[in-house]
Structure formats: C-alpha cells, structure tokens
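As a plain string of letters, each chain reads:
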Amino acid sequence: MLKLIKTRLFAQTVFFFLQNPFIKNFFTGEIYRGSAKRVCTPGLNCYSCPAAAMSCPIGAAQLFFAGAKHSISLFVTGILLTAGMVFGRFICGYVCPMGFFQDFIYKIKTPKLRLKLKIARYVKYVVLAVFVIVLPMLILHPLSGLGEAWFCKYICPMGTIFAAFPILASNEALRSLTGGLFAWKTAVALAIIGTSAVIYRFFCRVICPLGAVYSLFNGVALVRMGCDRRKCTSCNRCEKVCNICITPATQPNSPECMRCGNCVRECGGALKIESKSAYDYFSRNNERSH
Amino acid sequence: MRAAFLIIGIVLIICGVVQGEPDEIMRKAVTVCLECIGIG
Numbered sequence: 001m002l003k004l005i006k007t008r009l010f011a012q013t014v015f016f017f018l019q020n021p022f023i024k025n026f027f028t029g030e031i032y033r034g035s036a037k038r039v040c041t042p043g044l045n046c047y048s049c050p051a052a053a054m055s056c057p058i059g060a061a062q063l064f065f066a067g068a069k070h071s072i073s074l075f076v077t078g079i080l081l082t083a084g085m086v087f088g089r090f091i092c093g094y095v096c097p098m099g100f101f102q103d104f105i106y107k108i109k110t111p112k113l114r115l116k117l118k119i120a121r122y123v124k125y126v127v128l129a130v131f132v133i134v135l136p137m138l139i140l141h142p143l144s145g146l147g148e149a150w151f152c153k154y155i156c157p158m159g160t161i162f163a164a165f166p167i168l169a170s171n172e173a174l175r176s177l178t179g180g181l182f183a184w185k186t187a188v189a190l191a192i193i194g195t196s197a198v199i200y201r202f203f204c205r206v207i208c209p210l211g212a213v214y215s216l217f218n219g220v221a222l223v224r225m226g227c228d229r230r231k232c233t234s235c236n237r238c239e240k241v242c243n244i245c246i247t248p249a250t251q252p253n254s255p256e257c258m259r260c261g262n263c264v265r266e267c268g269g270a271l272k273i274e275s276k277s278a279y280d281y282f283s284r285n286n287e288r289s290h
Numbered sequence: 001m002r003a004a005f006l007i008i009g010i011v012l013i014i015c016g017v018v019q020g021e022p023d024e025i026m027r028k029a030v031t032v033c034l035e036c037i038g039i040g
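Protein sequences, first through last, are from chains A and B.
Using our numbering, the letters of the first sequence correspond one by one to residues 1 to 290.
Using our numbering, the letters of the second sequence correspond one by one to residues 1 to 40.
Simulated from the structure, these hints should not be mistaken for lab results.
Mixed in with the good hints there might be a few duds.
Claimed, not checked - Derived pair list, reagent style BS3-like, types lysine-lysine, alpha-carbon separation capped at 30 Å:
1. B:K28 with A:K24
2. A:K6 with A:K116
3. A:K231 with A:K109
4. B:K28 with A:K118
5. A:K69 with A:K112
6. A:K272 with A:K69
Unchecked claim - Restraint ranges, calculated between C-beta atoms of paired labels, are given here:
7. A:L115 with B:A4: 34 to 40 Å
8. A:G226 with B:F5: 40 to 46 Å
9. B:A3 with A:S71: 25 to 31 Å
10. A:Y125 with B:Q19: 24 to 30 Å
11. B:Q19 with A:G34: 19 to 25 Å
12. B:A4 with A:I108: 24 to 30 Å
13. A:I23 with B:V18: 19 to 25 Å
No residue lacks a Cβ here, since even glycine has one placed at the ideal position from N, Cα and C.
When you get a sec, could you build the whole thing from the sequences and use the hints?
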C-alpha cells in the first residue's frame with residue numbers, strides 16, 4: 001500500500017506542475033497570458049499565481065456573480081458538475097494544489113490535533129453560499145453596479161501565498177500600494193497555514209468552497225470507495241489512521257473523505273478505492289444496487 | 001439520475017463555450033487580480 005501513497009504523491013506533484021508549469025515566473029513576477037487561461041482547473045489554483053496556466057473555478061464563478069449581469073456561469077458550473085460527478089473529492093486528495101500544499105505543511109513536526117470538526121465542517125457551505133455567491137451578487141459598487149470577488153479578496157489563502165507574495169516581492173510599484181487588506185489577507189493565510197500544520201487539511205475541511213462543491217458529489221461520484229462487509233472484521237484500524245477522523249468502514253463515501261488511501265493501506269482487504277465503469281455508470285442495474 | 005447529471009454538466013460546458021464565457025474568464029485571468037493579491 002506504500003505504492004498507493006507514492007502514487008498519490010506522484011499524482012499531486014504531476015498535477016501541481018500541470019496547473020503551474022511556469023515556475024520561472026515566480027522570480028520575475030510576470031503572469032502567463034496565454035489561451036489556456038480560458039479553461040478552469042478542477043482544483044483551487046489562483047489565476048494570478050505567476051506560474052498558473054489555467055483559471056481558478058471559484059475565481060471565475062465569482063467573476064460572473066459579480067459581473068454586470070450577476071449571472072451564474074454555465075461553463076464553470078458545467079466543469080464543476082462534471083468533475084464532481086466523475087471524481088468527487090478525489091480531486092481534493094490528488095489534484096488540488098492547495099491540498100498538496102497543506103499536505104506538505106502537515107509534515108512539519110508539530111503536535112497534531114485529531115478533530116472530527118462535526119460542526120465546523122459545515123462552515124465551508126456557508127463560505128460557498130455567502131462569500132462566493134450572495135455577497136458578490138448583492139453588495140454592488142454604487143457607480144459601476146459591479147460586485148466584488150469576496151472570497152478571493154478577503155479569504156483565499158491560495159491567492160495570498162502563491163500570487164501576492166511572489167508578485168509583490170518582485171514588483172515595487174504594487175508593493176507600495178499594499179495596506180490594510182494585504183495585512184488582513186496575510187493574517188488569514190498565516191492562520192490557515194498554522195492551523196493546517198496541526199489539523200490535517202484544515203482549510204479543505206472547514207473553509208474551502210470548492211471542497212464544499214465536491215463534497216456534495218462524493219456519494220455518487222464515479223471514483224468512490226467501497227467496503228466489502230464480508231471481509232470487514234470491525235477492527236476499527238481504518239478509523240484510527242484516518243486523518244479526516246471519519247469511519248471509512250461505515251462511511252466509505254462520506255462527504256469529507258478525500259480518498260487519501262490511509263484506510264485502504266491499513267485495511268486487510270475490505271476497503272478499496274474503486275471506479276465504476278462507464279457501463280456501470282449508465283446502467284439501471286447500478287442504480288438499483290445503491 | 002447520475003448519467004443525467006453528467007450529461008447536464010457536459011451540456012452546460014458546451015452552452016458556456018457557445019456564449020463566450022471562456023473568453024470572458026480569460027480577459028480577467030490574464031491580468032493580475034489586485035483583489036486576489038490584497039490590493040483592492
């Protein structure tokens with residue numbers, strides 16, 4: 001099962017560089033301006049990050065909510081719906097650069113807190129509804145009639161860490177414009193980094209609006225986890241190794257599960273990450289079996 | 001039901017492309033987002 005962990009690390013590394021191939025831009029402060037930015041990545045990856053090749057779906061969605069028409073983006077919604085139905089939160093575990101970053105942060109030697117976050121985990125749905133949808137649509141500039149990207153502006157640590165810090169480091173003119181908002185965003189980013197060193201994937205579990213979207217699909221996604229009840233001995237080893245603090249044997253498709261595979265590694269063969277075939281997916285028999 | 005959602009997702013992507021949404025996203029994404037970097 002070491003193979004699964006290595007596979008995950010490899011996948012995270014590959015997807016990080018696929019979404020952020022222009023690493024040299026970190027040193028120049030330039031951003032990529034090519035046509036790939038028409039496409040949204042499935043993970044949280046700020047489009048102002050100098051290395052980013054594609055656009056962030058949450059940033060793009062807010063662009064339309066806050067825009068002149070205050071409309072929902074069909075393109076972004078379609079990408080999220082399709083990615084969610086196929087992968088669910090597998091994207092959080094294997095594709096998202098912010099998740100990858102938090103996995104690194106969690107490796108820092110600090111005391112660790114294993115919290116179920118039973119109530120706090122619902123905060124991400126509030127963040128999605130309020131900061132991504134409602135506020136950009138309702139709080140409008142009196143002259144332009146446009147809203148603001150509230151999540152990007154006031155919360156998103158991805159923008160602060162991977163966009164603001166490298167861009168401001170290499171651009172003195174922009175650096176001279178920083179003030180209270182930058183101080184606030186830096187404080188939020190540092191608080192999230194600090195908490196993520198102690199609590200596994202704190203941002204994904206509590207704050208991330210993209211995680212909130214994908215969690216809605218975890219129970220029905222094509223890529224899912226299964227538990228063979230005939231092989232399960234109820235030893236609870238899966239629960240002990242789960243960093244998300246769920247019980248994989250009884251909730252293999254919990255909205256919180258990011259398919260990290262720790263439980264599969266520990267299990268004697270009852271738990272496995274599986275993907276339904278296209279035939280299963282469209283089959284009526286498959287509908288009945290669930 | 002699952003297949004329906006998947007098909008709806010793909011149809012939404014196509015509708016968005018037809019309406020030119022990717023171009024609108026690109027116009028925003030090719031400039032540094034001052035809000036994102038804490039200058040807004």
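- Message: Are any of the numbered hints broken by this structure? If so, which, sorted upward?
- Response: Failing hints, ascending: 3, 4, 5, 6, 8, 12 and 13.
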